[in-house]
Amino acid sequence: MSQSGAIMVLGGGVAGVQTALDLADLGYYVYLVEKKASIGGVMAQLDKTFPTNDCSL
Amino acid sequence: MSAQMDNNKENAMAQEGFDPRILGFFCHWCCYAAADSAGVSRYQYPPNVRVVRVMCTGRIDTRFVLEAFKCGADGVFTGG
Amino acid sequence: MYCPKVVVDTYNERLDITSATHIDYAQAIPASYYIDAKECLRLNYETCNLCAQTCTAKAIDFSQKPKKLKLDVGAVVLTPGFGKVDDSVLEKFGYGKYPDVVTSYEFERLTCASGPTEGHVVRLSDHREPKKIAFLQCVGSRDETCGNGYCSTVCCMYALKEASVAKEHDPDLDVTIFFMDVRTQGKGFDEARKRAVEKYGINVVRARVPRVDEIDGRLGLTWVTDDGKSHSGIFDMVVLSVGLDAPEDAQKIADIAKIELNNYEFCQTTPGQPLATSRDGIYVAGAFQGPKDIPESVTQASGVAAMASELLAEGRNTRTVTLTYPDEDTALEAEEPRIGVFVCHCGVNIAGTVDVKAVRDYAGTLPNVVLYEDTLYSCSQDALKTIAGKIKENRLNRVVIAACSPRTHEPLFQETLRSVGLNPALIEMANIRDQCAWVHAQEPEAATEKSKDLVRMAAAKARLLEPLEQPTVDVTPSALVIGGGASGMGAALSIAEQGYKCVLVEKSDKLGGNLARLTWTMDGQDAAKVLKDLTSRVKKNKNIEVLLETEVEAISGYVGNFSTTVSREGKTEIINHGVVVLATGGKEYKPNTYLYGENNRVLTQLELEQKLKRGKSFLKGANNIVMIQCVGSRGDDMSHCSKLCCTQAVKNALKLKEAKPDATVYILYRDIRTFGFYEDLYREARKQGVQFIRYTLDRKPEVLKAGRGIKVRVYDSLIGEDIDIPANLLVLSTGIAPGENEALAKIIKAPLTSDGFFLEAHAKLRPVEVAVDGVYLCGLAHGPKSLEECMAQAKAAAAKAVIPLAKGRVAVAPIVSRVNQDTCIGCGICESLCPFKAIEIVKVGKKRKAQTITASCKGCGICASHCPTLAISMGGFTDDAIMAQIHAFAGDNCGEEA
Chain A
16 MSQSGAIMVL GGGVAGVQTA LDLADLGYYV YLVEKKASIG GVMAQLDKTF PTNDCSL
Chain B
97 MSAQMDNNKE NAMAQEGFDP RILGFFCHWC CYAAADSAGV SRYQYPPNVR VVRVMCTGRI
157 DTRFVLEAFK CGADGVFTGG
Chain C
743 MYCPKVVVDT YNERLDITSA THIDYAQAIP ASYYIDAKEC LRLNYETCNL CAQTCTAKAI
803 DFSQKPKKLK LDVGAVVLTP GFGKVDDSVL EKFGYGKYPD VVTSYEFERL TCASGPTEGH
863 VVRLSDHREP KKIAFLQCVG SRDETCGNGY CSTVCCMYAL KEASVAKEHD PDLDVTIFFM
923 DVRTQGKGFD EARKRAVEKY GINVVRARVP RVDEIDGRLG LTWVTDDGKS HSGIFDMVVL
983 SVGLDAPEDA QKIADIAKIE LNNYEFCQTT PGQPLATSRD GIYVAGAFQG PKDIPESVTQ
1043 ASGVAAMASE LLAEGRNTRT VTLTYPDEDT ALEAEEPRIG VFVCHCGVNI AGTVDVKAVR
1103 DYAGTLPNVV LYEDTLYSCS QDALKTIAGK IKENRLNRVV IAACSPRTHE PLFQETLRSV
1163 GLNPALIEMA NIRDQCAWVH AQEPEAATEK SKDLVRMAAA KARLLEPLEQ PTVDVTPSAL
1223 VIGGGASGMG AALSIAEQGY KCVLVEKSDK LGGNLARLTW TMDGQDAAKV LKDLTSRVKK
1283 NKNIEVLLET EVEAISGYVG NFSTTVSREG KTEIINHGVV VLATGGKEYK PNTYLYGENN
1343 RVLTQLELEQ KLKRGKSFLK GANNIVMIQC VGSRGDDMSH CSKLCCTQAV KNALKLKEAK
1403 PDATVYILYR DIRTFGFYED LYREARKQGV QFIRYTLDRK PEVLKAGRGI KVRVYDSLIG
1463 EDIDIPANLL VLSTGIAPGE NEALAKIIKA PLTSDGFFLE AHAKLRPVEV AVDGVYLCGL
1523 AHGPKSLEEC MAQAKAAAAK AVIPLAKGRV AVAPIVSRVN QDTCIGCGIC ESLCPFKAIE
1583 IVKVGKKRKA QTITASCKGC GICASHCPTL AISMGGFTDD AIMAQIHAFA GDNCGEEA
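Going down the list, the sequences are from chains A, B and C.
Its first residue numbered 16, the first sequence is counted upward by one per residue in the working numbering.
Its first residue numbered 97, the second sequence is counted upward by one per residue in the working numbering.
Its first residue numbered 743, the third sequence is counted upward by one per residue in the working numbering.
Source of the hints: derived by calculation from the structure; they are not laboratory data.
Heads up, the beta-carbon is just placed ideally off N, CA and C, and yes, glycines get one too.
Mixed in with the good hints, there may be bad ones.
[Said to hold, decoys possible] Straight-line Cα separation of at most 25 Å, SDA-like style, residue types lysine to any residue; simulated pairs:
#1 C:K1549 to A:L36
#2 A:K51 to C:L1118
#3 C:K1313 to C:D1251
#4 C:K1355 to C:L1396
#5 C:K1579 to C:D1515
#6 A:K51 to C:A999
#7 A:K50 to C:K780
#8 C:K941 to B:A130
#9 C:K1549 to A:Q60
#10 A:K50 to C:G825
#11 C:K1429 to C:D1379
#12 C:K1000 to A:L47
[Said to hold, decoys possible] Just a few of them, taken from the derived set where beta-carbon distance is under 7 Å, the chain B residues facing chain C:
#13 Y141
#14 P143
#15 V148
#16 C152
All chains, full assembly: derive it from the sequences and hints.
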């Protein structure tokens, strides 16, 4: 059986986005599925992130 | 890392209100990165340095330093 | 803008309003407005339609209906994140009743410069600035009454962050954080905590506040400290550090995907396979696997990518589409420079200090600048589109972006140039944020002047930028994994199963590393079985070659083409490979205190486990067993927290209680850090009667000889005096020390942390990469962690390592030296100085000439700065360009005569 070269990632927060990026870099087609109108999840709501207090966007 | 001060200005430095113009040559990989981190950590320092980014301090030709002084730099900062 | 329907802004945690047609935030991706279907008047009441009529692009189509799509996929990855703790849990603390009791999410929006109050922390009741704020930890975590018995892992750290940010805004603010245990066990977190507490003077009180009351418009708290005394205080604002719950629709996801959940409705996984759900082909990463922070979510995300890539190795590149760029407009590039300058506000990051509009207008006065604009966030998707449009519209052939650091953002803007047919080398950035606005926050005028200077220098350089070739080189499609412990084997197996050859190098005479010394995994599985499974899979895999008793002597080359010299049985051999994975492990810390090594009743946790496995006869007469935590860790010898000793101690205490129920087990601790679901073990240990006694650094426990036995003296804060415990057995939680990483770090030119572990390229976003391209990191070499985390990290490193192998070619940085062989006199100074052997002397006709080996060149420029005939030029950093910057720095003092 020939294998599919596509993968579905459910949830577009930081974990989903990173998974999708890595999979695309590894040579796969990715469907990134997100409920909301934009990706980023909770991380997009954060002002800064510890420990370096970088801007999280 | 080395900082070289123009000798002619040494006396001027002691005077109050001396506001030197310093040209910095920062290595992309270390000093420039460190200057970015200083920003991320919001360290505050005097606004006297203007930066030329180079890929390595090895790139710095003596002519660059001399030209900077010739053009009126009070100091040249090489960081790498 | 025309939408008349006002709705609460959920992005801003309901602290602001927006309209039914809106965009969540400026940098949202995709950067298009959307209509909230639940609120829209047209969709719900068939009135309005204003937006569709006014939209000039005719982009609103109300006839659209939901569609069902069928996707053909080979694997599914679940990353639904976490849910929010129910409001009913927060009501106990006055949330909903008192407006100045807010959640940590709401507080986050209040501290955010782009939030509803532009970063000013105010009370929601009267919009006045609070003077005294209290943070209450463990709201909806470690609390069985709300069904969340686990620890949410991240709240201690984010509360410290929010407290620091608030103190940064208002140094006079009085901030108190009420903890049960300070759980900052992540890499570098303990130090960050210490810095935050010391730098900002945050009060840390160890107590759980049961409720919040309103007293004259302010908030009253009462609490009981360790010594049994009760206290009370009045605060202006209370922040609830709300935990991470399972996603609201966890059960629905589980039903659809047919996977199992654990008792807290998070995804069920095992320590050996932390990213696999109970169903083949469906994987999980991030907070749905268990509460976790950003770096761990990112690590797991890369890890699942590896798992899917293993499963679908044959399907690789069958469905991908290739991004194409328009041809370069070389004619336009060769024209007289037409520079566009874009000055970024970066929200208030730059504009809060620098007068962006003044800098923009100043840019307009510079030679060859034909366009000068300001942008709110240059890096946002819509801004990039606008910039691309402006480049085309104005036929720009050079671009200056005055914003943040080229180190982080230049590639993004280079993409924009490529998308409109310009060579990516034709951009120059002026760093007016990291190296200006942020570091001269108190001197707005000087910062504005400096920004102008930096823009002038960047524009001067931009005039002289030339297009550069974008060379690529072939990749050797194999990996070298250094270290044959659990992480190394995990990484090697994943790389092999993704279809690539892999050499696994191990110093000792057998595989296994620290896993071979472990008796049980955290969930009580037999560690030997996990080890046997891993080693047999490694040995069976045809893609893996194992080299035992082998040491790495030297590594040369670059990503895609490394050449490594290893020594084995006195002989050296050379291995060619495309990538490197560092999995060199760590080691158990061996103390020289507490009579360790002097008295055979004193053991480490690992030694205890080994004894327990052999039988319980050694426990005969052991009525009092004492464990001491943080021996070595969080102290003078090692400043880091070893992360897993608390869980290990609690787990072993339970084993001891099981083997000898009448024994009393004492655990002397500083903070119990049984994060995540490990909290269940801690609660169980308390139920089983394990005695937990907290000690502080200034009153460390003492271990004294008492006849043939030993006794442990510890200060009990509840009764306020020292107590002596006669100990039949003393178990030291000794923690994890770094391995001998210095030599390898030098060979690879990879930096170490101050604790001696390898430093990752970015703490949050690149947790398994090293600053050197093509080198990846996993396991204890990165920092202390459990087997479960090591296995996830090994997969993540494998995913990153396979990326260049799967691509087959890597781009070589275009900043390389080029020799003008007409002026080169073949003196050979450059060849002798090059640290990378990237320049050689060749015969051209009858003459000796220098020639750059492009793929090896790192672009340092030593050759160019020493060439007596100025025959060598550096791409992007030519003599002329740097001289132009120097002259621009001088401004009127020098002129442009050179």
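Exercise. Is K1579 of chain C close enough to D1515 of chain C, meaning Cα to Cα at most 25 Å?
Worked result: This hinted pair holds, its Cα atoms lying about 18 Å apart.
Exercise. Keeping to a limit of 25 Å between CA atoms, is the pair of K1549 of chain C and Q60 of chain A held or broken?
Worked result: 34 Å, violated
Problem set entry | Closest C-beta approach of Y141 of chain B to chain C relative to 7 Å, hint status | 6 Å, holds
Problem set entry | Distance restraint between K1355 of chain C and L1396 of chain C, which requires alpha-carbon spacing of 25 Å or less | Answer holds: K1355 of chain C to L1396 of chain C is near 14 Å, not above 25 Å.
For this session: Please verify that hint: P143 of chain B, Cβ, nearest Cβ of chain C, below 7 Å or not.
Result: Holds - the Cβ of P143 of chain B comes within 7 Å of chain C, reaching about 4 Å at its closest.
Problem set entry | Hint consistency between K1313 of chain C and D1251 of chain C [alpha-carbon to alpha-carbon, up to 25 Å] | Judged against 25 Å, a Cα distance of about 16 Å means the pair holds.
For this session: Mind checking the alpha carbons of K51 of chain A and A999 of chain C for me, to see if they're no more than 25 Å apart?
Result: 20 Å, holds
For this session: Grab the minimum C-beta distance from C152 of chain B to chain C and call the hint holds if it beats 7 Å, violated otherwise.
Result: C152 of chain B check passes; min Cβ-Cβ to chain C is 3 Å, inside 7 Å.
Problem set entry | Holds or violated: K51 of chain A to L1118 of chain C, with C-alpha atoms at most 25 Å apart | With a Cα-Cα distance of about 24 Å, the restraint between K51 of chain A and L1118 of chain C holds, given a limit of 25 Å.
For this session: Verify the proposed pairing of K1000 of chain C with L47 of chain A, using a straight-line Cα cut of 25 Å.
Result: Distance ~20 Å between K1000 of chain C and L47 of chain A Cα, so the pair holds.
Exercise. Does the alpha-carbon distance linking K50 of chain A and G825 of chain C stay inside the 25 Å limit?
Worked result: The given pair, whose Cα atoms are some 13 Å apart, holds under the 25 Å limit.
Exercise. Would the pair K941 of chain C and A130 of chain B pass a check requiring their Cα atoms to be no farther apart than 25 Å?
Worked result: Holds - the C-alpha atoms of A130 of chain B and K941 of chain C are around 20 Å apart, at most 25 Å.
Violated hints, in rising order: 9, 11; the structure is consistent with all others.
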